[in-house]
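Protein chains: 2
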Amino acid sequence: MISITILGSGNVAQNLFEAFLAKDDVSIMQVVGRKRSSLSYFKGRVALATFHEELLLADVYIMAISDDAIGSVSSKLSLKGLLVHTSGAVPLSDIKNHERIGVFYPLQTFTVGKLLDFRNIPICIEANNAESFQLLKRLGHILSDTVANIDSNKRKALHLSAVFVNNFTNYMYIIGRDICVQNELQFSMLQPLIQETADKIRAMSPIDAQTGPAKRGDLKTLHAHLHLLKEKNQREIYTLLSNSIKARLQS
Amino acid sequence: MISITILGSGNVAQNLFEAFLAKDDVSIMQVVGRKRSSLSYFKGRVALATFHEELLLADVYIMAISDDAIGSVSSKLSLKGLLVHTSGAVPLSDIKNHERIGVFYPLQTFTVGKLLDFRNIPICIEANNAESFQLLKRLGHILSDTVANIDSNKRKALHLSAVFVNNFTNYMYIIGRDICVQNELQFSMLQPLIQETADKIRAMSPIDAQTGPAKRGDLKTLHAHLHLLKEKNQREIYTLLSNSIKARLQS
Chain A
1 MISITILGSG NVAQNLFEAF LAKDDVSIMQ VVGRKRSSLS YFKGRVALAT
51 FHEELLLADV YIMAISDDAI GSVSSKLSLK GLLVHTSGAV PLSDIKNHER
101 IGVFYPLQTF TVGKLLDFRN IPICIEANNA ESFQLLKRLG HILSDTVANI
151 DSNKRKALHL SAVFVNNFTN YMYIIGRDIC VQNELQFSML QPLIQETADK
201 IRAMSPIDAQ TGPAKRGDLK TLHAHLHLLK EKNQREIYTL LSNSIKARLQ
251 S
Chain B
1 MISITILGSG NVAQNLFEAF LAKDDVSIMQ VVGRKRSSLS YFKGRVALAT
51 FHEELLLADV YIMAISDDAI GSVSSKLSLK GLLVHTSGAV PLSDIKNHER
101 IGVFYPLQTF TVGKLLDFRN IPICIEANNA ESFQLLKRLG HILSDTVANI
151 DSNKRKALHL SAVFVNNFTN YMYIIGRDIC VQNELQFSML QPLIQETADK
201 IRAMSPIDAQ TGPAKRGDLK TLHAHLHLLK EKNQREIYTL LSNSIKARLQ
251 S
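Respectively, the protein sequence lines represent chains A and B.
Those letters in the first sequence? Residues 1 to 251, per the working numbering, in order.
Those letters in the second sequence? Residues 1 to 251, per the working numbering, in order.
Quick caveat, the hints were computed from the structure, so don't treat them as lab data.
You may find that some hints are simply not true.
Unchecked claim - Cβ-Cβ distance ranges computed for the label pairs, FRET-style:
no.: 1; chain 1: A; residue 1: Gly217; chain 2: B; residue 2: Asp145; range: 31 to 39 Å
no.: 2; chain 1: B; residue 1: Lys23; chain 2: A; residue 2: Ser27; range: 55 to 63 Å
no.: 3; chain 1: B; residue 1: Lys23; chain 2: A; residue 2: Leu92; range: 56 to 64 Å
no.: 4; chain 1: A; residue 1: Arg34; chain 2: B; residue 2: Asp145; range: 23 to 31 Å
no.: 5; chain 1: A; residue 1: Asp24; chain 2: B; residue 2: Lys43; range: 51 to 59 Å
no.: 6; chain 1: B; residue 1: Lys220; chain 2: A; residue 2: Asn128; range: 21 to 29 Å
no.: 7; chain 1: B; residue 1: Gln250; chain 2: A; residue 2: Met1; range: 22 to 30 Å
no.: 8; chain 1: B; residue 1: His227; chain 2: A; residue 2: Lys76; range: 38 to 46 Å
no.: 9; chain 1: A; residue 1: Leu249; chain 2: B; residue 2: Arg34; range: 36 to 44 Å
As the list claims (entries may be wrong) - Straight-line alpha carbon distances no greater than 20 Å define the calculated EDC-like cross-link-like pairs of lysine to aspartate or glutamate that follow:
no.: 10; chain 1: B; residue 1: Lys220; chain 2: B; residue 2: Asp208
no.: 11; chain 1: B; residue 1: Lys215; chain 2: A; residue 2: Glu184
no.: 12; chain 1: B; residue 1: Lys215; chain 2: A; residue 2: Glu196
no.: 13; chain 1: B; residue 1: Lys200; chain 2: A; residue 2: Asp59
no.: 14; chain 1: A; residue 1: Lys154; chain 2: B; residue 2: Glu231
no.: 15; chain 1: A; residue 1: Lys246; chain 2: B; residue 2: Glu236
no.: 16; chain 1: A; residue 1: Lys154; chain 2: B; residue 2: Glu18
no.: 17; chain 1: A; residue 1: Lys215; chain 2: B; residue 2: Asp68
no.: 18; chain 1: B; residue 1: Lys114; chain 2: A; residue 2: Glu236
no.: 19; chain 1: A; residue 1: Lys246; chain 2: B; residue 2: Glu18
no.: 20; chain 1: B; residue 1: Lys154; chain 2: B; residue 2: Glu231
no.: 21; chain 1: A; residue 1: Lys76; chain 2: A; residue 2: Asp59
no.: 22; chain 1: A; residue 1: Lys200; chain 2: B; residue 2: Asp94
no.: 23; chain 1: B; residue 1: Lys43; chain 2: B; residue 2: Glu53
no.: 24; chain 1: A; residue 1: Lys114; chain 2: B; residue 2: Asp199
no.: 25; chain 1: A; residue 1: Lys200; chain 2: B; residue 2: Glu236
no.: 26; chain 1: A; residue 1: Lys154; chain 2: B; residue 2: Asp68
no.: 27; chain 1: B; residue 1: Lys200; chain 2: A; residue 2: Asp68
no.: 28; chain 1: B; residue 1: Lys220; chain 2: A; residue 2: Asp67
no.: 29; chain 1: B; residue 1: Lys114; chain 2: A; residue 2: Asp208
no.: 30; chain 1: B; residue 1: Lys43; chain 2: B; residue 2: Glu18
no.: 31; chain 1: B; residue 1: Lys154; chain 2: A; residue 2: Glu18
no.: 32; chain 1: A; residue 1: Lys114; chain 2: B; residue 2: Asp208
no.: 33; chain 1: B; residue 1: Lys232; chain 2: A; residue 2: Glu236
no.: 34; chain 1: B; residue 1: Lys215; chain 2: A; residue 2: Asp67
no.: 35; chain 1: A; residue 1: Lys114; chain 2: A; residue 2: Glu18
no.: 36; chain 1: B; residue 1: Lys246; chain 2: A; residue 2: Asp68
no.: 37; chain 1: A; residue 1: Lys220; chain 2: B; residue 2: Asp67
no.: 38; chain 1: A; residue 1: Lys246; chain 2: B; residue 2: Asp178
no.: 39; chain 1: B; residue 1: Lys154; chain 2: B; residue 2: Asp67
no.: 40; chain 1: B; residue 1: Lys154; chain 2: A; residue 2: Asp68
Every residue, glycine too, gets a C-beta built ideally from N, C-alpha and C.
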């Protein structure tokens, strides 16, 4: 049995709470927020506390809070157990004032009100000693099939990669939707294509999966598209990405 | 019963062939290629012919050929039936020398050797007369739940939108993979994130789904990422897309 306390109340905190709550091998001691009013999601389901109160003993304290807050929150706490954060971008050393520190980073995008199955979400762990590392490894495997030893530098690169495949991909969806709206088309028509684009690269490298006018060097279509795009920003993105695809796939 | 002939031998031709072959309401008269040797995929499963031979009568002739070839191939044929192409980017009027013409555009990305279920692939149809349109509508519904009346201008916009959500999204996957390779990380770790990014927008608008340092205005992470990116092209894309997300979501 591993005892944990979750610090934070947002999407990641809620998702971790539900995932751990369903496991017999984990006991959730408390969920901790800035104010009691921020913890309404958890009310009646677990013991609650604020950062100003003394916290119960737990094996692992998980900070599922914003990147900026990790330094200041950790410096104000003084906990006996292992204190970890869940961020892709923040180095281990940002956790202050504690002897045993670590990282427990689930590589996934979390949405308000959407609970995900952690079984296939990679958990990237790091710790400042071997015992803590083994504890996080055990904790990770309770949730997920994939628990990976990723140090702060590699995690930063992984997070950067995630920005491209998640944040920037989602922005491509926004532009696709904007073009649909401007032309009175249903964006939902593109959903099967979006789905298949993601599915395709399970079985093949994205380099082999690349298609389209830029890859083919189809200047006629490239010019027709630029002619259609009225917004300067859309034209800039279209031009830069088309040129990049051409250069990347011919190198 | 609708009789069809498929002109072409690539991914789209193969996918249409398999999908129609499984349907009792469609009979495939012939598959037609430049040379017999290009038709090996279909050998022994259907009657074959080349563009130089006289073709059997069919209700619908489907050109699943490259955009550039649609004008020249259609101008050399002289068919009694309805002649359609399957391209997103080519206007109906590019089909030459025929009285009854149309478009039968499956809005999806097709891959060598990967057969897709057409049931949820939108088929965008257009024709130069009402009777042909009805025929294509019937043919479309044999394959798919979604058959949409999309004229050449709207189809061009839809195809442009598809370039963003498919071609450019796939290029984001390529950069994500490049960053993984450069940092000795497994790209497969990002697969669940890629999948969830696509799944997420089934239930919510991509505008609401946008997350990340650019949206949050998290300058610290944005600068750290730029510092990590060594390739000029990756830096340009990171900067342009981050600035675009900031501008788009604050407007």
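So, going through the hints one by one against the coordinates:
Against the hinted window of 31 to 39 Å, the Cβ-Cβ separation of Gly217(A) and Asp145(B) comes to about 35 Å, which satisfies the hint. Distance hint for Lys23(B) and Ser27(A): a CB-CB separation of about 56 Å, consistent with the stated range 55 to 63 Å. For Lys23(B) paired with Leu92(A), a C-beta distance near 58 Å keeps the hint of 56 to 64 Å intact. Take Arg34(A) and Asp145(B): their Cβ atoms lie about 48 Å apart, and the range 23 to 31 Å is violated.
Between Asp24(A) and Lys43(B) the beta carbons are some 58 Å apart, a value that agrees with the proposed interval 51 to 59 Å. One distance hint, 21 to 29 Å for the beta-carbon pair Lys220(B) and Asn128(A), holds here, with the actual separation near 23 Å. One distance hint, 22 to 30 Å for the beta-carbon pair Gln250(B) and Met1(A), is violated here, with the actual separation near 47 Å. Between His227(B) and Lys76(A), the C-beta spacing of about 29 Å breaks the proposed range 38 to 46 Å.
At roughly 25 Å, the beta carbons of Leu249(A) and Arg34(B) sit outside the given window of 36 to 44 Å. A distance of roughly 23 Å separates the Cα atoms of Lys220(B) and Asp208(B); the hinted pair therefore is violated under the 20 Å criterion. Among the hinted pairs, Lys215(B) with Glu184(A) is inconsistent with the structure: their alpha-carbon atoms are about 27 Å apart, more than 20 Å. This hinted pair does not check out: Lys215(B) and Glu196(A) have alpha carbons roughly 26 Å apart, beyond 20 Å.
Proximity of Lys200(B) to Asp59(A) is assessed by CA-CA distance (about 34 Å); at most 20 Å being required, the pair is judged violated. At roughly 17 Å between alpha-carbon atoms, Lys154(A) and Glu231(B) fall within 20 Å of each other, so this suggested pair holds. Taking the CA atoms of Lys246(A) and Glu236(B), the gap is about 15 Å. The hint holds against a cut of 20 Å. Using a Cα cut-off of 20 Å, the hinted pair Lys154(A) and Glu18(B) is violated, with the two alpha carbons roughly 45 Å apart.
Among the hinted pairs, Lys215(A) with Asp68(B) is consistent with the structure: their alpha-carbon atoms are about 15 Å apart, no more than 20 Å. With a C-alpha separation of about 33 Å, the suggested pair Lys114(B) and Glu236(A) falls outside the 20 Å cut-off, and the hint is violated. Proximity of Lys246(A) to Glu18(B) is assessed by CA-CA distance (about 32 Å); at most 20 Å being required, the pair is judged violated. Between Lys154(B) and Glu231(B) the CA atoms are separated by roughly 37 Å; this puts the pair beyond 20 Å, and the hint is violated.
For the hint linking Lys76(A) to Asp59(A), the alpha-carbon distance of about 19 Å falls within 20 Å, and the restraint holds. Restraint check for Lys200(A) and Asp94(B): not satisfied, since their Cα atoms lie roughly 31 Å apart, outside the 20 Å limit. Restraint check for Lys43(B) and Glu53(B): the C-alpha separation of about 17 Å stays at or below 20 Å, so the hint holds. The hinted pair formed by Lys114(A) and Asp199(B) meets the criterion: a straight-line CA distance of about 11 Å does not exceed 20 Å.
Annotation: proposed proximity of Lys200(A) to Glu236(B) is violated, straight-line Cα distance about 27 Å (limit 20 Å). Distance restraint check for Lys154(A) and Asp68(B): the Cα-Cα separation of roughly 45 Å exceeds the 20 Å cut-off, and the hinted pair is therefore not satisfied. This hinted pair does not check out: Lys200(B) and Asp68(A) have alpha carbons roughly 26 Å apart, beyond 20 Å. Among the hinted pairs, Lys220(B) with Asp67(A) is consistent with the structure: their alpha-carbon atoms are about 10 Å apart, no more than 20 Å.
Between Lys114(B) and Asp208(A) the CA atoms are separated by roughly 13 Å; this keeps the pair inside 20 Å, and the hint holds. Pair hint Lys43(B) plus Glu18(B) holds up; C-alpha atoms about 13 Å apart against a cutoff of 20 Å. Among the hinted pairs, Lys154(B) with Glu18(A) is inconsistent with the structure: their alpha-carbon atoms are about 45 Å apart, more than 20 Å. Between the alpha carbons of Lys114(A) and Asp208(B) the distance comes to roughly 13 Å, so the proposed pair stays at or under 20 Å and holds.
The suggested pairing of Lys232(B) with Glu236(A) holds, with an alpha-carbon distance near 16 Å, which does not exceed 20 Å. Of the supplied pair hints, the one linking Lys215(B) and Asp67(A) holds, its CA atoms being roughly 14 Å apart against a limit of 20 Å. Between Lys114(A) and Glu18(A) the CA atoms are separated by roughly 11 Å; this keeps the pair inside 20 Å, and the hint holds. A C-alpha spacing of about 19 Å is found between Lys246(B) and Asp68(A), which places the hinted pair at or below 20 Å, so the restraint holds.
Restraint check: the Cα-Cα separation between Lys220(A) and Asp67(B) comes to about 10 Å, which is no more than 20 Å; the hinted pair holds. Between the alpha carbons of Lys246(A) and Asp178(B) the distance comes to roughly 16 Å, so the proposed pair stays at or under 20 Å and holds. Only pairs whose Cα atoms come within 20 Å are accepted, and Lys154(B) paired with Asp67(B) is accepted, the gap being roughly 17 Å. Proximity of Lys154(B) to Asp68(A) is assessed by CA-CA distance (about 45 Å); at most 20 Å being required, the pair is judged violated.
Checked against the numbered hints given earlier, this structure breaks hints 4, 7, 8, 9, 10, 11, 12, 13, 16, 18, 19, 20, 22, 25, 26, 27, 31 and 40; the rest are met.
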